[in-house]
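Colleague: Chain by chain, the residues:
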Amino acid sequence: MAPTTSRDVYGFELNCTDEQSNIRQRCAEKQAHQAAKWAKYSEKKQLPKGDKLKKLCRKGIPPQYRPWVWMSLSGAAEKQREHMANYYDAMVHMGESTSEFAHQIDLDLARTFPANDYMSTEEGQAALRRVLLAFSAHQTQVGYCQSMNYLAAMLLLALDRSEEKAFWVLVSLIDDGGILYQGMYSQNLVGAHVEMSSLQELVVAKLPRLHQHFGKLGCDMTIIATDWFLCLFSTSLPAETAMRCWDALLSEGAKVLYRVALALLKTHEEVLLAQDNAGYVLREMKLACAAMHDRDALLKVAFDGVGSLPMARIRKVRSEKQAVMDVELARRGRNKAVRDAVRDSDRHAPFAAEGLSSLADRIKNAVAVKESRYNFNSQPTARTDPYTIPVIIPRSSCRYHDTSVSQVPFVSALLTPRDINLGAGMACSRMIALLAVVALFASAQAQTGTSTQSQVINRLVPVTARIVNNGAGAIGVTPASSIVSGRKLLQIPQPALVPVYNAPATYSPDFVKTIVPVTQQKNTMAFLGQIKQAPGSDLGDYTFIFGEEAQPFLKSLAVSGTTFTFLGASAILPQDQTATTAPNSVFSASGFVSADGSATTAIVSTKTPVGVVPNVALKFDYSQTVGSPLVSVYYTDRKATFATGGYSTTTSNLAQSFGIYIAPDGTVYPGQTATGK
Amino acid sequence: MARNKQQTGISKESVKIVLLGEGRVGKTSLLARFIHNNFKEDQQATIQAAFMSRQLQIDSQQVEVALWDTAGQERFHSLAPLYYRDADAALLVYDISDRDTLERVRHWVKELRTMVGDDIVLTIVGNKSDLERERAVSQEEAAAFAQSIGAQHVSASAKTGQGIEAAVSGTAQMVLASRKRLGGSARPPGSTGRRPGSIVIADGPGTRTQGSSCC
Chain P
1 MAPTTSRDVY GFELNCTDEQ SNIRQRCAEK QAHQAAKWAK YSEKKQLPKG
51 DKLKKLCRKG IPPQYRPWVW MSLSGAAEKQ REHMANYYDA MVHMGESTSE
101 FAHQIDLDLA RTFPANDYMS TEEGQAALRR VLLAFSAHQT QVGYCQSMNY
151 LAAMLLLALD RSEEKAFWVL VSLIDDGGIL YQGMYSQNLV GAHVEMSSLQ
201 ELVVAKLPRL HQHFGKLGCD MTIIATDWFL CLFSTSLPAE TAMRCWDALL
251 SEGAKVLYRV ALALLKTHEE VLLAQDNAGY VLREMKLACA AMHDRDALLK
301 VAFDGVGSLP MARIRKVRSE KQAVMDVELA RRGRNKAVRD AVRDSDRHAP
351 FAAEGLSSLA DRIKNAVAVK ESRYNFNSQP TARTDPYTIP VIIPRSSCRY
401 HDTSVSQVPF VSALLTPRDI NLGAGMACSR MIALLAVVAL FASAQAQTGT
451 STQSQVINRL VPVTARIVNN GAGAIGVTPA SSIVSGRKLL QIPQPALVPV
501 YNAPATYSPD FVKTIVPVTQ QKNTMAFLGQ IKQAPGSDLG DYTFIFGEEA
551 QPFLKSLAVS GTTFTFLGAS AILPQDQTAT TAPNSVFSAS GFVSADGSAT
601 TAIVSTKTPV GVVPNVALKF DYSQTVGSPL VSVYYTDRKA TFATGGYSTT
651 TSNLAQSFGI YIAPDGTVYP GQTATGK
Chain W
1 MARNKQQTGI SKESVKIVLL GEGRVGKTSL LARFIHNNFK EDQQATIQAA
51 FMSRQLQIDS QQVEVALWDT AGQERFHSLA PLYYRDADAA LLVYDISDRD
101 TLERVRHWVK ELRTMVGDDI VLTIVGNKSD LERERAVSQE EAAAFAQSIG
151 AQHVSASAKT GQGIEAAVSG TAQMVLASRK RLGGSARPPG STGRRPGSIV
201 IADGPGTRTQ GSSCC
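These protein sequences, in sequence, are chains P and W. Residue 677 is where the first sequence ends in my numbering, and the numbering goes up by one at each step. Residue 215 is where the second sequence ends in my numbering, and the numbering goes up by one at each step.
What the hints contain is simulated information worked out from the structure, not anything from laboratory work. Glycine is no exception: its CB is placed at the ideal position from the N, C-alpha and C atoms. Among these hints, one or two may not hold up.
[Said to hold, decoys possible] A few chain P residues that face chain W, going by a derived Cβ cut-off under 10 Å, partial list only: (1) Y41; (2) D108; (3) F113; (4) P114; (5) Y118; (6) Q141; (7) Y150; (8) Q187; (9) D220; (10) I223; (11) D227; (12) L230; (13) C231; (14) A274; (15) K286; (16) A288.
[As the list claims (entries may be wrong)] What follows is a set of in silico ranges between Cβ atoms, one per label pair, in the way DEER data are often shown: (17) W:G161 <-> P:D117: 25 to 31 Å; (18) W:S148 <-> P:S6: 17 to 23 Å; (19) W:F39 <-> P:Q141: 36 to 42 Å; (20) W:F39 <-> P:K44: 49 to 55 Å; (21) P:A291 <-> W:G161: 26 to 32 Å; (22) W:Q147 <-> P:E269: 45 to 51 Å; (23) W:Q147 <-> P:Q141: 39 to 45 Å; (24) P:M84 <-> W:N37: 50 to 56 Å; (25) P:S319 <-> W:Q139: 48 to 54 Å; (26) W:K110 <-> P:E96: 45 to 51 Å; (27) W:R113 <-> P:P114: 32 to 38 Å; (28) P:T17 <-> W:Q57: 29 to 35 Å; (29) P:D18 <-> W:E141: 25 to 31 Å; (30) W:S148 <-> P:E122: 55 to 61 Å.
All chains should be modelled from the sequences, with the hints used to inform the complete structure.
Modeller: Here it is, written out as structure tokens:
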């Protein structure tokens with residue numbers, strides 16, 4: 001049957017087969033039936049309460065009532081009341097005069113539903129432009145992200161073409177704490193990534209066959225569902241169907257997106273299962289969505305056909321995925337800082353010819369030396385002295401590779417990233433600092449004999465770091481203590497903190513931080529640290545960013561005023577332990593900095609099964625950027641193995657840092673030789 | 001998805017090509033022209049990548065060309081690895097009337113070389129060749145750039161249809177040739193080389209996580 005062309009209530013072209021037309025007719029009749037129920041509420045401009053409202057919204061809000069119902073449902077009306085009366089106009093004005101997104105917005109105006117009756121008019125595009133500009137001024141962090149154009153356009157169409165209403169509903173969707181998940185439209189689309197992997201997780205549980213099939217095809221949810229969550233189905237489903245989803249979305253929140261997504265997948269499961277590559281899956285899914293005129297059927301499956309989906313569950317999945325994302329973003333941020341630094345520094349100072357490959361060679365050699373000396377597989381040898389490695393890194397070569405030293409490939413190939421941490425970075429415009437930390441391998445048994453009950457399994461390496469404001473940074477490291485773990489606690493005498501070198505007088509340090517592990521018991525590890533900050537320092541309050549090595553230990557450490565906290569909890573998996581017996585370890589720390597800044601105390605607690613004490617070393621790497629040091633956490637007990645009824649240690653990894661000194665010209669020297677330079 | 005065995009037992013080649021480039025350079029329009037032979041002045045902005053395929057006859061061989069259209073806006077960059085990871089080739093599209101879009105192509109070259117390697121066949125497509133009067137990037141410059149990175153350069157217009165067949169079939173041809181050179185061992189079918197559900201965020205051009213040697 002040839003499809004006939006018509007228009008829907010929002011001015012979109014429809015090419016429906018007879019069957020689809022009949023379906024639309026049926027849905028329209030139901031809608032008329034619902035309209036009778038809404039009429040009385042509309043008269044009083046008073047929404048029903050609680051469950052009644054939810055049920056009504058699930059059955060669809062007739063288009064004529066959407067303007068006021070949506071304003072009220074979404075919280076937009078309230079937001080509007082909270083702001084001054086001409087806020088929208090003010091934002092439009094601000095956006096028109098200052099928005100850095102104006103160009104991008106202008107480019108997209110004609111590309112937003114170009115076939116729609118209203119959006120193809122100048123008037124419609126001008127309205128869309130104002131709403132988007134106003135939003136970009138209202139939420140400068142988010143600004144404008146493609147896909148918001150479709151939301152704003154749909155809102156204009158659904159809300160009597162009222163720009164102000166469209167604006168406020170858009171705000172209540174995207175603002176922090178709004179209806180949609182945080183960061184959906186941010187740089188990198190972090191929120192969207194979280195939503196996609198969360199959806200993936202739910203598909204595992206709800207549609208296992210499909211999940212398995214997609215897995216085989218390498219078909220990620222992101223491939224199929226990104227626009228569902230970013231455009232809220234407005235670019236995939238027929239408008240009337242999409243708006244039905246919005247009715248429920250505005251009333252119940254973002255979990256409706258999950259319900260509809262699962263319903264779409266479920267409804268077309270057989271078709272999707274029959275596709276043998278990701279491209280065909282995407283194509284079929286798009287076709288199926290575009291033909292989804294039976295809004296009643298879709299919403300019925302969404303609410304009755306996908307089983308229970310409590311918000312708590314979505315929140316839990318989201319927070320897990322967000323954590324993964326955060327670590328990834330921290331890594332990304334660090335890499336970007338390095339790139340920017342390298343780019344930035346190049347403009348300021350020329351550099352010596354020795355290349356990054358030279359650094360790499362040196363590290364490789366050092367590792368090779370250590371491996372021969374500390375062959376942890378056979379004949380481990382005790383080692384107590386600090387180890388240094390000469391490193392010279394000209395920035396020019398960094399630029400050539402445009403790559404962070406933490407990613408020098410063969411180092412990673414020799415040792416795991418946790419074992420080796422090569423953090424590269426820079427501080428302010430004149431400085432590039434590079435810190436190399438190479439793991440030493442040493443056998444616990446070699447150091448302490450064979451007892452499995454009380455063993456030295458590793459050392460924690462306290463770090464002294466110095467940063468000077470003129471741009472040169474220096475980092476000195478020395479092993480200061482050993483930590484005993486096992487069932488019997490051994491107290492190791494606390495050696496005095498000795499920096500590997502003294503900072504030259506010309507670079508008087510205005511920032512010193514030390515963290516010394518004091519004691520470690522089964523469940524608690526205490527750090528005594530010191531933070532000194534010179535008056536007038538520009539370091540200010542800062543947030544620590546954890547490197548990927550920190551995963552899964554810590555997520556963030558915030559320092560504000562005189563208190564700081566570590567956040568994060570994770571599974572601690574000694575290398576040889578299987579996942580099924582994995583203990584969950586909660587790692588948290590809190591502390592305070594004394595008012596004069598002279599001392600900091602932190603208590604780090606870990607909740608772990610008896611006998612397992614995750615040993616971590618913290619490294620504060622100020623080379624990243626002044627103001628946001630990188631904290632690396634090492635597993636120092638990664639080699640611990642478990643035996644039935646007890647706990648034995650075979651080998652331990654010792655994380656150790658190298659003292660290096662970065663001269664003002666950016667050359668990095670080993671700590672010792674830097675003295676007096 | 002390198003190749004499918006059809007029921008006849010004759011092996012059928014399949015080439016996966018991903019389209020990358022700044023927003024509004026005309027990726028979707030190029031595809032629409034190639035697949036449906038039509039053109040719309042105002043093409044809806046792409047959010048969700050799209051997949052299309054067409055059969056081509058190359059050297060008396062049936063080849064299925066699978067094309068992936070992607071979103072161009074900078075913010076969507078983090079989605080791109082999903083599509084280019086197991087691609088045989090990329091069409092890097094710029095708009096001849098907009099210099100900045102060629103810059104973006106340079107970034108893509110860098111990223112693809114870093115993330116995917118040297119095996120991926122690159123074709124640089126200067127779209128909107130019908131806008132000759134507004135040309136901001138000279139043919140010579142673009143061609144020289146393409147040559148410097150071992151890519152071919154094609155001038156095309158989705159509006160007039162010029163150059164598109166050449167771009168796609170030329171690219172497919174190069175993929176087939178390089179496959180032959182490598183003894184027919186294409187990438188494993190459909191693999192993305194990663195666990196489903198894991199999150200991919202590409203760093204900007206020029207970084208890599210641990211990988212093969214670069215020094």
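Colleague: Each of the hints needs a verdict: does it hold here or not?
Modeller: Against the structure, the hints:
1. Among the interface hints, the one on Y41 of chain P is violated; its C-beta lies about 35 Å from the nearest C-beta in chain W, farther than the 10 Å criterion.
2. Given the 10 Å rule on beta carbons, the hint for D108 of chain P holds: about 5 Å separates it from the nearest Cβ of chain W.
3. For F113 of chain P, the shortest C-beta to C-beta distance to chain W is roughly 7 Å, which falls under 10 Å, so the interface hint holds.
4. Contact between P114 of chain P and chain W, as hinted, is supported at the beta carbon level, the nearest pair being about 4 Å apart and thus within 10 Å.
5. With its C-beta approaching chain W no nearer than about 14 Å, Y118 of chain P sits outside the 10 Å limit, and its interface hint is violated.
6. For Q141 of chain P, the interface hint is violated, since its Cβ never comes within 10 Å of a Cβ in chain W; the closest pair sits about 13 Å apart.
7. Proximity of Y150 of chain P to chain W holds as hinted, the smallest CB-CB distance being about 7 Å (cut-off 10 Å).
8. With a cut of 10 Å, the hint placing Q187 of chain P at the interface with chain W holds, because the nearest CB-to-CB distance is about 6 Å.
9. The restraint placing D220 of chain P at the interface with chain W holds, with a minimum CB-CB distance near 6 Å, inside the 10 Å limit.
10. Because the smallest distance between the Cβ of I223 of chain P and any Cβ of chain W comes to about 6 Å, under 10 Å, the interface hint for this residue holds.
11. Satisfaction of the interface hint for D227 of chain P is found here, the shortest Cβ-Cβ separation to chain W being roughly 4 Å, below the 10 Å cut-off.
12. Interface hint status for L230 of chain P: upheld, as the beta-carbon distance to the closest one in chain W is roughly 6 Å, under 10 Å.
13. Interface hint at C231 of chain P: satisfied, since its Cβ lies 6 Å from the closest Cβ of chain W, which is below the 10 Å cut-off.
14. The criterion of a C-beta within 10 Å of any C-beta in chain W is not met by A274 of chain P, whose closest approach is roughly 15 Å, and the hint is violated.
15. The restraint placing K286 of chain P at the interface with chain W holds, with a minimum CB-CB distance near 7 Å, inside the 10 Å limit.
16. Given hint, A288 of chain P at the interface with chain W, is violated; its Cβ is 14 Å from that chain's nearest Cβ, farther than 10 Å.
17. Between G161 of chain W and D117 of chain P the Cβ separation comes to about 29 Å, which falls inside the hinted range of 25 to 31 Å.
18. At about 54 Å, the CB distance of S148 of chain W to S6 of chain P disagrees with the hint of 17 to 23 Å.
19. One distance hint, 36 to 42 Å for the beta-carbon pair F39 of chain W and Q141 of chain P, holds here, with the actual separation near 38 Å.
20. Between F39 of chain W and K44 of chain P the Cβ separation comes to about 52 Å, which falls inside the hinted range of 49 to 55 Å.
21. Between A291 of chain P and G161 of chain W the Cβ separation comes to about 29 Å, which falls inside the hinted range of 26 to 32 Å.
22. Distance hint check for Q147 of chain W and E269 of chain P: the Cβ-Cβ separation is about 49 Å, which falls inside the suggested range of 45 to 51 Å.
23. Distance hint for Q147 of chain W and Q141 of chain P: a CB-CB separation of about 42 Å, consistent with the stated range 39 to 45 Å.
24. Roughly 54 Å separates the CB atoms of M84 of chain P and N37 of chain W, a value that falls within the hinted 50 to 56 Å.
25. Separation of S319 of chain P from Q139 of chain W is about 53 Å and conforms to the stated range, judged on CB atoms against 48 to 54 Å.
26. Between K110 of chain W and E96 of chain P the beta carbons are some 36 Å apart, a value that contradicts the proposed interval 45 to 51 Å.
27. Checked against the hint of 32 to 38 Å, the pair R113 of chain W and P114 of chain P passes, with Cβ atoms roughly 36 Å apart.
28. For the pair T17 of chain P and Q57 of chain W, the beta carbons lie near 34 Å from each other, so the given range of 29 to 35 Å is met.
29. In this structure the supplied range 25 to 31 Å is violated for D18 of chain P paired with E141 of chain W, their Cβ-Cβ distance being about 56 Å.
30. In this structure the supplied range 55 to 61 Å is violated for S148 of chain W paired with E122 of chain P, their Cβ-Cβ distance being about 44 Å.
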